[in-house]
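J.: Sequence:
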Amino acid sequence: MMRKPQPGLYMPNDKLKCLKTTPHLPQLVPGKIYKVQLVQKSKGLYFIRAENQRPFKVSSSIVEDVNFFKKVN
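Each number in the numbering used here comes from the position in the sequence shown (counting from 1) with 44 added on.
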């Protein structure tokens, strides 16, 4: 089965890949994988963190689930 990315279903410690950068978040690097720190399910927002950085809030529209294209056995 494949894991489908759906807003609000990510949990802390899931890994998300950044799709694009935004002017107000210059620390985001497209293609880099970030770890979810905290999930605000009702708003589709995630707090993600890279190594040696403070957590920051991103919208679900600029990240994707790393495991989306991997098959789970």
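Hints listed in this document are in silico derivations from the structure and should not be mistaken for laboratory results.
Be aware that one or more of the hints could be misleading.
Pairs of lysine-lysine, DSS-like flavour, derived with a Cα cap of 30 Å [as the list claims (entries may be wrong)]: (1) Lys64 / Lys79; (2) Lys79 / Lys101; (3) Lys59 / Lys101; (4) Lys79 / Lys61; (5) Lys61 / Lys76.
J.: Okay, which hints does this one fail, numbers in order?
T.: Failing hints: none at all.
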